[in-house]
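Peer 1: Protein sequence lines, in the order shown, are assigned to chains A and B. The working numbering applies: residue 1 is where the first sequence begins, and numbers increase by one. The working numbering applies: residue 1001 is where the second sequence begins, and numbers increase by one.
Keep in mind that the hints were calculated from the coordinates and are not lab data. One thing to keep in mind: the hints can contain errors.
[Claimed, not checked] In silico EDC-like pairs for lysine to aspartate or glutamate, Cα to Cα no more than 16 Å straight-line:
#, chain 1, residue 1, chain 2, residue 2
1, B, 1020, B, 1298
2, B, 1540, B, 1439
3, B, 1063, A, 31
4, B, 1444, A, 5
5, B, 1539, A, 32
6, B, 1539, A, 31
7, B, 1444, A, 31
[To be verified] Simulated restraints on C-beta separations:
#, chain 1, residue 1, chain 2, residue 2, range
8, A, 7, B, 1425, 42 to 50 Å
9, A, 29, B, 1020, 33 to 41 Å
10, B, 1589, A, 6, 37 to 45 Å
Just so you know, these numbers come straight off a predicted model, no measurement behind them. Beta carbons: idealized from backbone N, C-alpha and C, even for Gly.
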Amino acid sequence: MAMIDLFYLSLVLLFFVASVGFVLGAQRLMEE
Amino acid sequence: MGAGLAQIVLYLLVLLILVKPLGTYMARVYSGEHTPLDRLLRPVERLLYRLAGVNPQQEMDWKIYALAMLLFNGLGFLALYLILRLQSLLPFNPERFAGLEPHTALNIAISFTSNTNWQNYGGETTLGYLAQMLGLTGQNFLSAATGMAVLAAMVRGLVRTPPISPPLAGGIKGGVGNFWVDLTRSILYILLPLSLALALILVSQGVVQTFRPYQTVPLLQATTDADGNPVSEQVLALGPAASQIAIKQLGANGGGFFNVNSAHPFENPTPLSNFMEMLAILLIPAALCYTFGQMVGDTRQGWAVLIAMNLFFIPLLALDVSAEYGGNPILTTLGVDQTATDLQPGGNMEGKEIRFGIANSALWATATTAASNGSVNSMHDSYTPLGGLVELFFMQLGEVIYGGVGSGLYGLLIFAIIAVFVAGLMVGRTPEYLGKKIESFEMKMAAIAILVPPAMVLLGTAAALMTNDGLSGIQDGGPHGFSEVLYAYSSQGNNNGSAFAGYGANTPWVNTTGGLAMLFARYWVALPALAIAGSLVRKKRAPPNAGTLPTHGLLFIGWLAAVVLIVGALSFLPTLALGPIVEQLLLRQGVTF
C-alpha cells in the first residue's frame, strides 16, 4: 500500500463524509 | 429480418407475462407477507439477523436508513478495493495476476459498489477467481439489493400515513422500513433464487463454471501472429463465470466475466442463453413497477409507470433496430449488398456476432442502456451513429427507462413528483402524488436528484476533452471521437457501465473523475429519494377531489414521459448534436470516422 492508496481512499472517504453532511442538511431543511 | 423481429416481439411478450407474477411476489417480500420460499428461507433470515445483531422489527426514519446505506456501501467499497489491490497475495488466483494499479482499483471498486459496473479492465486478463467471485459478484448482489431497498423505502414513504401505530421506538417520527431487513430480503428472497435458476440454465447451455486454471489447447489450424511467428496453441480462459453472469444480468450490474462480455462464447454460447440473459436485464426493473402498484394499493399506478417507460423503450428500440438494418450508406455507394437474405444478415454487422445477428444485438444494446445494466453482446462503438445515439440517450435520460433494479423506478418516481408539481403550477392546484402533497422540500430534493447526473456527465466530458490524459484514450477522430468520451461519462455519470469499446479509459484521470461521477450519480440521487420518502411519510393522505390529477391515466403517462424527455433533451441535445447527430449527417455525405 502506498501514499497514492491513501489519497484515493481519502477521496472516497471525503465523499461519504459529504454525503453524511447532505443527510444532516436535508433533515434540517425538512424540519424548517 | 422477419425472424429477428419475431424474436423481439417474443422477448417483449415473455417480459410482459412475467411482470405480474414476479411483481406480486416482490411486493409480498417487501411487505413481510408470506411467500412460497418462507419455509426454506425464514430460518436463514432469522439466523442472519441474530448473527448481525439486527432487530427486524426496528423501524428506521429516512436519516438512519440513509446513514446505514452509506456505511454499508462505504465498507463494501473498502473491502473490494483491498481485494483488488492485494489479489496477488490472496488464494484462487491460478493465473497469478498481480494486484491492480491504485487508480484502476479505485474505479472498479466504486463501479461495482455503485451498481455501475463500468469495466476499465479485461476480466480474464486482469482478475483472479477470488476477485471475480467474492469481490465483484458479491458487490453485484449487494449493490443491486441496495437499490431495491431504497425503492422499498421510497414507496413506503408514499404509502404510510401518520399517526403511526404503535408509536415507533427511539422517538422516530416516520419509519420507512429497516435497511438491513430490506437488504437481506432483497438478496435472500429475490436475487439469490433467480440467480441460482438462471445460473443453472446458463450452465446447461455451456457457460463455464469451474475453478480449473486456464487451459492450453492445440489449434485445429496453425496460424501466425502479427510478427509472422507461427502460433499452434491457444489459451482458453475459464473460471466461475455462470454464477457471476446470472446476477450481473438480473441485478442491472453488467460487469462481464470476460472482457467482451456476452459476445464471448463461454459467457453466452447459444440463442437460448442469449434470450435468457437479455430477459434477465429487464425482468426485475419491469416487475418492480407492478410491485410498486401493489404496495401503493393501486396496480394501475404501476402499469402507468411501466407504460411511460415503454413510450421511450419501444420507439427507440425500433429506431436502433432500423438504423442497424439500414446499414452504412457509404458501403451502398461502393456497391456492397447490405440487404438481409437467407445467406447474410445484411445491414451494419460491424462489431456484432454473426450468431446473434442485428435484431438480437440491437435489442440487447437497447435493453442494456435503457436498464442500467451495461453488459454487451456487441460492440457499441461500431453501431451506426443513430444506433449509438439511441444508446447514449437512454443513459442520458437518467437511467429511468427501466433503469437499475430499484434505482430506475425511484428515479422515475422523482420525475413523477416533478411532473405533478409542474402540472399543479399550470392549473393552480396544490400538487399531490398518491394523495401526498408535494411541497418545496420535495421539489428541492427532486431538483438535486435530476441535476446531479447531467452535471457529472457534462463536467466529466468537458474536463476529459481539456486534458491530455482524457484525450489520449480516444480512438477515432471527429464527432465519433467526441461520442466516445461523451459515452464514457454518460455511462459512468448515470451508473450504466456499458462502453463505446473504442475509448481507452484506464488512465488515472478517467478512472478518478469517472469514479467520482459514479459516486455522485448513485448516492446523490438515492439520498434525495430517501429524503423525499422521509418527508412524505409524515404527511397525511388527502382524498382525491375534482382538482386531483389522476396519476394512472393516459394524460399523466404522457405528461410524465414529456417531463423526462424535456429534461433529457434540454440537458444533452447540444452534446448529441456535436457527436452522433453530426456524424450521421456526415455519413450520408460520404464522410466517416
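Peer 1: Work down the list of hints and note, for each, if the structure agrees.
Peer 2: Evaluation of the provided hints:
A C-alpha spacing of about 13 Å is found between residue 1020 of chain B and residue 1298 of chain B, which places the hinted pair at or below 16 Å, so the restraint holds. At most 16 Å may separate the alpha-carbon atoms for a hinted pair to count; residue 1540 of chain B and residue 1439 of chain B meet this at roughly 13 Å. For the given pair, residue 1063 of chain B sits about 12 Å from residue 31 of chain A by alpha-carbon distance, which is consistent with the 16 Å threshold. Taken as a hint, the residue 1444 of chain B and residue 5 of chain A pair is broken in the structure, with Cα atoms around 36 Å apart against an allowance of 16 Å.
About 15 Å separates the Cα atoms of residue 1539 of chain B and residue 32 of chain A, which keeps this hinted pair within 16 Å; it holds. For a cut-off of 16 Å, the pair hint linking residue 1539 of chain B to residue 31 of chain A stands: about 13 Å separates their Cα positions. Restraint check: the Cα-Cα separation between residue 1444 of chain B and residue 31 of chain A comes to about 14 Å, which is no more than 16 Å; the hinted pair holds. At roughly 46 Å, the beta-carbon separation of residue 7 of chain A and residue 1425 of chain B lies within the given 42 to 50 Å, and the hint holds.
With their beta carbons about 39 Å apart, residue 29 of chain A and residue 1020 of chain B fall inside the hinted range of 33 to 41 Å. Checked against the hint of 37 to 45 Å, the C-beta distance between residue 1589 of chain B and residue 6 of chain A comes to roughly 53 Å, which is inconsistent with it.
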